[in-house]
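So the sequence lines, in the order shown, correspond to chains A and B. Under the working numbering, think of the first position of the first sequence as 1, with each following residue one higher. Under the working numbering, think of the first position of the second sequence as 1001, with each following residue one higher.
What the hints contain is simulated information worked out from the structure, not anything from laboratory work. Incorrect hints may have been included.
[Unchecked claim] Quick list of in silico lysine-lysine cross-link-like pairs, DSSO-like style, CA-CA up to 30 Å:
(1) Lys-1268(B) <-> Lys-138(A)
(2) Lys-119(A) <-> Lys-71(A)
(3) Lys-1351(B) <-> Lys-104(A)
(4) Lys-1351(B) <-> Lys-135(A)
(5) Lys-9(A) <-> Lys-1351(B)
(6) Lys-220(A) <-> Lys-9(A)
(7) Lys-1011(B) <-> Lys-127(A)
(8) Lys-107(A) <-> Lys-138(A)
(9) Lys-119(A) <-> Lys-1351(B)
(10) Lys-229(A) <-> Lys-1351(B)
(11) Lys-1351(B) <-> Lys-71(A)
(12) Lys-138(A) <-> Lys-1351(B)
Here is what each chain is made of, one letter per residue.
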Amino acid sequence: MAQPAIAVKDLSYSYGDILAVDDISFDVAEGEVIGFLGPNGAGKSTVVKMLTGQLTPQNGSALLLGMDIVKERKQVQQEIGISFESTNLYEQMSAVENLDLFAKLYKVSDFDAMGLLEKVGLGGREKEHVASYSKGMKQRLMMARALVSDPKMLFLDEPTDGLDPVSTETIHALIRAATQNGATVFLTTHDMVEADKLSDRVAFLNQGRIVALDTPARLKQRFGMRALKVEVELPEGGAEEREITLDEDQTPQAVFDLFKNERILTVHSEEATLEDIFFDITGRGLQG
Amino acid sequence: MIGTLVVKDIKLFVRNRFFLIVTALGLVLYPIIYFLIPDQVDESLGMAFYIEDRESALYQRLIDEPGDYVLFDTEAEMLTALQETGDYFVGLSLPADLSAAAARGEAVELNAYYAPGVPAEARQIFHDVLVLFANAVNPETLANLTRFNETEFVLGNDLMGAPLSLRDRFVPLFLVFIVMIEIFGLATLLNRDVENGTARALITGPLRLHQFFAGKALMGVILAFGQLLFLSAVMGVLGVSPLLLLTTLLLGSFLMVGIGFFVAALAKDNTSAMAWAIVFIIPMIIPSMTVLLPGLSTGWMEIIPSYYFVDSLHRILNFGAGWADVSRNLALLLIGGAVTLAMGTTAIRRKF
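Given these sequences and hints, build the entire structure.
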């Protein structure tokens, strides 16, 4: 079996008396997108900070691309790209200058800042000071900065939080393009739709612990309940919604009876969302 | 990598309108003020005399031994000169019967006319001298006054025979003032990098934390030293013990960088960086005032690190001091810079 891109074992971290990350272990395969889902304060950012060398784990160990995150911190950081949760760009510099600065630090030869800016949809605004950019533009530039060194691994901490749909879609496309090029992506988010859409696997993090880790489809299969939502016309006028739970013994007969006896207006199948499943497992929502 | 950081920081410094204006103002205004300040010494306390009795021994003595006084033919002429020229701080009118009256022990009336602005203390001293003069000196024996053996004690630098012009005194002041602005500039840039998270973005890449600090320190020294060099060249003082002067300017820049780091460690944002910078800049300027007013110099001032910068500059530029004279100062400057830099760096590390 190939060596995992990320191998985490018994990782823990506390801020004083507050246990932020509690003995978590997981592996991520090369080229995989793993989504870390959890509400604010669940420990997602602390995991990212430990894996990217911003915090030193108090317990446990982790290997990134086969390198120890504590002992080989700088070598690890040379191979990764990070998009931080908060915007941290040089606002009095242009987008090109921001990218060129990091390209020089990473010693990237023949760096094409304009090409990268075109990819993130900032072509034409490249010489303006970043201070004049919208939040979405800044986030796209952060993404571009994370890609400057063409990293083998991307850490994206809430990359689309509070963004408009256009910027969100641009960033999603960039993540897909990075994985097509073989990059491993560690994505933290509390947007279950985003996680569902982009992640090969998702981990549910609650109070510092991983409470579930699997593909979105298998999680839905394991924890979720599918249903059929049918809108029927009432004899006295008006409409009423009926729900038939799928995957049960009596489901076929119930569907047959409904379609035979009622005048059907609309039919929709419904499956559990990751948020529903998270709530079922932890008893709390993702926005909490 | 450090070079890349320095270029980036200097670019950001220049793009900050406030820093740019303040720096440019300093570099333009200080030389202008410097050349407007008189470069000649006028430390005379001129006296004007009208002596009615031209046969008196006093009159003859003043004629024979010219000094910082002028004898007028009439009292009216003396008063006009006193009022209009500003060359004399006091005018003394001595009546014809002064000698005889003094010899007889009678009350003597003298008119002393003071120029505007003469301090009350100076008037009192002059009054006491006159009383002494009138009571103790017999004009007939004036030529044979008892001589005193004097022992002189010069407090501070001896300016006898080589008095300093106001312009010379201002040189160390301007150099200290211009470099003080750097404390604020550096503290703001450093604090902004840390608080905005850009420093975090840098050090989670290939850059190491000590390289980040080294870049900031180097940028601060380059900016401060560059301005000191420019100002020194414009004021034409670079030729005075060049190597020693450059070393002093470099160590002075290093001290300011250390203080800049310390201020950045205390600051939370731009406003607090400015507030803390002012808290440090004001005491740092106090030692430079002793160059203008030597009487201010007291022992406690030596606890202010900038004292060693000002004192070294003053001694090198105005008294031709050499390495041996200022080596202690330079060593303390280096230690002061290193200690503040180490303290600031340690405190800033806790913010990451």
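Results for each hint:
For the hint pairing Lys-1268(B) with Lys-138(A), the CA-to-CA distance comes to about 23 Å; that is within 30 Å, so the pair holds. The straight-line distance between the Cα atoms of Lys-119(A) and Lys-71(A) is roughly 35 Å, outside the 30 Å bound, and the hint therefore fails. About 26 Å separates the Cα atoms of Lys-1351(B) and Lys-104(A), which keeps this hinted pair within 30 Å; it holds. In summary, the hint linking Lys-1351(B) to Lys-135(A) is supported, as the alpha carbons are separated by about 25 Å, within the 30 Å threshold.
Distance restraint check for Lys-9(A) and Lys-1351(B): the Cα-Cα separation of roughly 28 Å lies within the 30 Å cut-off, and the hinted pair is therefore satisfied. Only pairs whose Cα atoms come within 30 Å are accepted, and Lys-220(A) paired with Lys-9(A) is accepted, the gap being roughly 26 Å. Restraint check: the Cα-Cα separation between Lys-1011(B) and Lys-127(A) comes to about 15 Å, which is no more than 30 Å; the hinted pair holds. Between the alpha carbons of Lys-107(A) and Lys-138(A) the distance comes to roughly 23 Å, so the proposed pair stays at or under 30 Å and holds.
Pair hint Lys-119(A) plus Lys-1351(B) does not hold up; C-alpha atoms about 34 Å apart against a cutoff of 30 Å. For the hint linking Lys-229(A) to Lys-1351(B), the alpha-carbon distance of about 54 Å lies beyond 30 Å, and the restraint is violated. For the proposed pair Lys-1351(B) and Lys-71(A), the alpha carbon gap of about 22 Å is at most 30 Å, so the pair holds. This hinted pair checks out: Lys-138(A) and Lys-1351(B) have alpha carbons roughly 24 Å apart, not beyond 30 Å.
Of the hints listed earlier, those the structure fails to meet are numbers 2, 9 and 10, in rising order.
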